[in-house]
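Student: If you want the building blocks of each chain, they are given just below.
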Amino acid sequence: MAHHIPKLVDAIAASYREIGGINHIQGPNLPSRRTIETILLDLEALIFPGFREQELIEEHDLRFVLVEKVSRLCRTLTTEIQKSLCFEKRLHDSRQASSAASSQQDMHDCREIAEGYSMKLIEDIPAIRRMVQLDVEAAFAGDPAAKSTEEVILSYPGVEAIITHRIAHQLWQQQVPLIPRIMSEIVHGKTGIDIHPGAEIGESFFIDHATGVVIGETTRIGRQVKIYQGVTLGALSVKKGKANQKRHPTIEDNVTIYSGATILGGDTVIGEGAIIGGNVWITSSVPPGSKIYNLPSDYIRRNQHNEYLPDFQI
Amino acid sequence: MAHHIPKLVDAIAASYREIGGINHIQGPNLPSRRTIETILLDLEALIFPGFREQELIEEHDLRFVLVEKVSRLCRTLTTEIQKSLCFEKRLHDSRQASSAASSQQDMHDCREIAEGYSMKLIEDIPAIRRMVQLDVEAAFAGDPAAKSTEEVILSYPGVEAIITHRIAHQLWQQQVPLIPRIMSEIVHGKTGIDIHPGAEIGESFFIDHATGVVIGETTRIGRQVKIYQGVTLGALSVKKGKANQKRHPTIEDNVTIYSGATILGGDTVIGEGAIIGGNVWITSSVPPGSKIYNLPSDYIRRNQHNEYLPDFQI
Amino acid sequence: MAHHIPKLVDAIAASYREIGGINHIQGPNLPSRRTIETILLDLEALIFPGFREQELIEEHDLRFVLVEKVSRLCRTLTTEIQKSLCFEKRLHDSRQASSAASSQQDMHDCREIAEGYSMKLIEDIPAIRRMVQLDVEAAFAGDPAAKSTEEVILSYPGVEAIITHRIAHQLWQQQVPLIPRIMSEIVHGKTGIDIHPGAEIGESFFIDHATGVVIGETTRIGRQVKIYQGVTLGALSVKKGKANQKRHPTIEDNVTIYSGATILGGDTVIGEGAIIGGNVWITSSVPPGSKIYNLPSDYIRRNQHNEYLPDFQI
Chain A
0 MAHHIPKLVD AIAASYREIG GINHIQGPNL PSRRTIETIL LDLEALIFPG FREQELIEEH
60 DLRFVLVEKV SRLCRTLTTE IQKSLCFEKR LHDSRQASSA ASSQQDMHDC REIAEGYSMK
120 LIEDIPAIRR MVQLDVEAAF AGDPAAKSTE EVILSYPGVE AIITHRIAHQ LWQQQVPLIP
180 RIMSEIVHGK TGIDIHPGAE IGESFFIDHA TGVVIGETTR IGRQVKIYQG VTLGALSVKK
240 GKANQKRHPT IEDNVTIYSG ATILGGDTVI GEGAIIGGNV WITSSVPPGS KIYNLPSDYI
300 RRNQHNEYLP DFQI
Chain B
0 MAHHIPKLVD AIAASYREIG GINHIQGPNL PSRRTIETIL LDLEALIFPG FREQELIEEH
60 DLRFVLVEKV SRLCRTLTTE IQKSLCFEKR LHDSRQASSA ASSQQDMHDC REIAEGYSMK
120 LIEDIPAIRR MVQLDVEAAF AGDPAAKSTE EVILSYPGVE AIITHRIAHQ LWQQQVPLIP
180 RIMSEIVHGK TGIDIHPGAE IGESFFIDHA TGVVIGETTR IGRQVKIYQG VTLGALSVKK
240 GKANQKRHPT IEDNVTIYSG ATILGGDTVI GEGAIIGGNV WITSSVPPGS KIYNLPSDYI
300 RRNQHNEYLP DFQI
Chain C
0 MAHHIPKLVD AIAASYREIG GINHIQGPNL PSRRTIETIL LDLEALIFPG FREQELIEEH
60 DLRFVLVEKV SRLCRTLTTE IQKSLCFEKR LHDSRQASSA ASSQQDMHDC REIAEGYSMK
120 LIEDIPAIRR MVQLDVEAAF AGDPAAKSTE EVILSYPGVE AIITHRIAHQ LWQQQVPLIP
180 RIMSEIVHGK TGIDIHPGAE IGESFFIDHA TGVVIGETTR IGRQVKIYQG VTLGALSVKK
240 GKANQKRHPT IEDNVTIYSG ATILGGDTVI GEGAIIGGNV WITSSVPPGS KIYNLPSDYI
300 RRNQHNEYLP DFQI
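Going line by line, the protein sequences match chains A, B and C. In terms of numbering that gives the first Met the number 0, the first sequence has 33 at position 34, counting the first letter as 1, and numbering is strictly consecutive. In terms of numbering that gives the first Met the number 0, the second sequence has 86 at position 87, counting the first letter as 1, and numbering is strictly consecutive. In terms of numbering that gives the first Met the number 0, the third sequence has 238 at position 239, counting the first letter as 1, and numbering is strictly consecutive.
Note that these hints are calculated values from the structure, not bench results. Glycine residues also receive a C-beta, built at the ideal position from the N, C-alpha and C atoms. Be aware that a few hints might be false.
To be verified - Simulated crosslink set (DSS-like; lysine-lysine; CA at most 27 Å straight-line):
| hint | chain 1 | residue 1 | chain 2 | residue 2 |
| --- | --- | --- | --- | --- |
| 1 | C | K146 | A | K88 |
| 2 | A | K239 | C | K146 |
| 3 | A | K189 | B | K189 |
| 4 | B | K239 | A | K290 |
Said to hold, decoys possible - Negatives, chain A to chain B, calculated, CB over 12 Å:
| hint | residue |
| --- | --- |
| 5 | H2 |
| 6 | T34 |
| 7 | Q174 |
| 8 | K239 |
| 9 | G240 |
| 10 | K245 |
| 11 | G265 |
Claimed, not checked - With the Cβ distance kept under 7 Å, some of the chain A side facing chain C (calculated, not the full set):
| hint | residue |
| --- | --- |
| 12 | V8 |
| 13 | R180 |
| 14 | E184 |
| 15 | K290 |
| 16 | I291 |
Next up, chain A with everything else stripped away, as it sits in the complex (with noise of 0.2 Å):
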């Protein structure tokens, strides 16, 4: 079999010359979606101190630990944000050079700009954890089978959910290119928590049960909201020409959406306190204070001998 590789490689060869578009064999190299998900656990062990790690952290070796870790963070977010920022300065220069090799200038000012927003980012570190301590104490608080916060922490999908979205946002505010929707996706990956970086989402949310939860870019949530597995907050429109306005809804303080329901459409407002049963399907806004459940479908019903029951009742 040997002797076919020199042949099976010219074709594979060939067809990076032919077919072109997606391959990136030189000049552009893009972020390292491996190095954002170590980037992702250095951050989460900081949000996190002794929840992450395998080993015991002493407090007397507390600084030293956190001078490596901030140490190396400044040096992989730089890297990778630097990647992202002259990708997307090629991608702008010119849609069909894009293979051109950057010049040095561009990437030494890249570089620049990449080393402000990661400083920005691990600055905000404790406006972050204050934000998603209040994200444990409502999952906490919302879930009757969670014991303690540590078992939140420890274990639940939608807590690391938002702790990545929190990340992310703030380098989607930064207009970081491509970085933030890696790590929406990593995330989405390991919980089935589909949130887009652009979606901004208030103090105390809490997403239960998780899978299938999907979030879109311009959706804008209040306080103290939350919502189970399976839940949509869409776009009515899907159309290309529509990238830059409201597509997503709004969701008032304090509501609450059952599982699998959908809400859909930019003109779309949950008012406050709102309780959206599950399944629930909404395109249009709904008052404050409102309670939205499905009347029971209507069922066909069988007895065990096939026969059929008009009266019985569920």
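Please build the complex by placing chains B and C on the supplied structure of chain A, with the hints as guidance.
Tutor: Below, chains B and C alone, put in the same frame as chain A:
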């Protein structure tokens, strides 16, 4: 950028002192999620010898391999259970002083109890294997696309979830804190199936396609039950005060529940042999042998010229 | 605790002898899921050179990198396919004697056939790249939130799922046992998208948001089809005897299917250009160009004082 690191470190260290509550720097030494992942892999390899390894196991090596795996499990499992017991002891002693270091005596006591729990789990491996074999057979029988039981063991997420559940539920019954829930969330992340370790599940259980299934803490499921993707067995009320009540449904023997169905409430009983159709929403009991299907919903139908088609039948 | 280990090992070894059926200690030597994960990463790196690596690939190194990757793939892929062919041979020879060691002649025959299959897959990489490039373009065109095709390749789970499917389906068409299904379940675990390797999927296919999609074994999908999270293309009957019939629907060109829709049955055809709205439930054919939407369900609506609101419109 390097000269900013001390300032960044100061801010994060200050946040640990000020915000508190969510950080465990010293003392608690919580169970490690990564170690528990390794424990689950070792347990799976004992349950399915030769399936999870990359190397072939020769018959004459079997005992050596078993001694190695069982010894490692005794050690790692005991250490993690000890940590979880010490954590719970501190939590009960004083929720306020939760960062106080544990006494040597406590550590010693927890170690002894942990040894007992982990021995009991390893003793139960043959019984767990017997249950899991029935689950594999149920999966093979229940899916026309399954070509062999080996395919089922190697690739079905529903099988991976039920193995983990049978392990986590054994630890839950022994009242081991934290670890059962961490185990269930590890497999939730891998499969999209969220089974609370408290749920009681009978023999020959099969979940097909898997993603989005939620089974709550006080659910009881009989034998030969089959469920599909997106099924929720959940609670009607999520009040924290109801944590000790039966909040989730009872599913009797030989019930089939199709994709996306939602069954809620601690008093809801789905009687023996019932069939629950896709997307059905149920909040009260159903007698044995019933078949419950949604009537087709009303549609708005238009043709390609956007004309309304009132008589169009689907 | 250490002195209990021999007793624990005895009990587990006895369980292997007594329960049987689910353990492969010797002989079968099944394909390794971990090796197949590595094979998929190598194939993805050949399809998207420069995207999956952490290091930059220089133009002058390209051929070296290609020879290395193709050689490794020839070796690992052939070994895993050989194992799967030997497994199937034993399964057919005798389901009873399934633990009997394979003869040297069988091993040799399987090796030769495996070399042919793995050559054929590597030869098809340029054709797979052509298909995948169209899928990437369809994703970019179909999602207003997508900023560049690079973002799509780096982060979209729908793209990862369709790449894996196009690889797994090629092996499925060659009738390679076990491996296609293991591949599809690896990507199911990562993305929440469950596409059976038998499904036939045309050019320019896009799945947005991904989680919870199920596409069955005998589904046929045309070109330019777009589907959203939670869509099921499934079977009406799951009787084991129907394994060789077409049990899953046919979706013609240019169809869009919104989130949570369920389309069931082997005779169900969704005609060209049809639009299927969110949560629609369909078990029979729909003519070309139709638009099918659920009528809004009836709601129970109450205001904040829990008063029933009969005229409230949403």
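Student: Each of the hints needs a verdict: does it hold here or not?
Tutor: Comparing the hints with the structure gives:
1. C:K146 <-> A:K88: Status holds; Cα separation ~13 Å.
2. A:K239 <-> C:K146: OK: A:K239 and C:K146 at ~10 Å, within 27 Å.
3. A:K189 <-> B:K189: 7 Å, holds
4. B:K239 <-> A:K290: Given pair B:K239, A:K290 holds - Cα atoms ~21 Å apart, limit 27 Å.
5. H2: Holds, since 28 Å exceeds 12 Å.
6. T34: Fine: 18 Å to the nearest Cβ keeps A:T34 off the interface.
7. Q174: Its Cβ never comes within 12 Å of chain B, the nearest being 20 Å, so this holds.
8. K239: It holds; A:K239 is separated from chain B by about 21 Å at its closest Cβ, greater than 12 Å.
9. G240: 20 Å, holds
10. K245: The claim holds: A:K245 sits with its nearest Cβ about 26 Å from chain B, beyond 12 Å.
11. G265: Nearest chain B Cβ is 22 Å from A:G265, so the label holds.
12. V8: Status holds, d = 5 Å.
13. R180: Result: holds, 5 Å to nearest chain C Cβ.
14. E184: Since the shortest Cβ distance to chain C is 4 Å, the answer is holds.
15. K290: This interface hint holds because 5 Å falls under the 7 Å limit.
16. I291: 5 Å, holds
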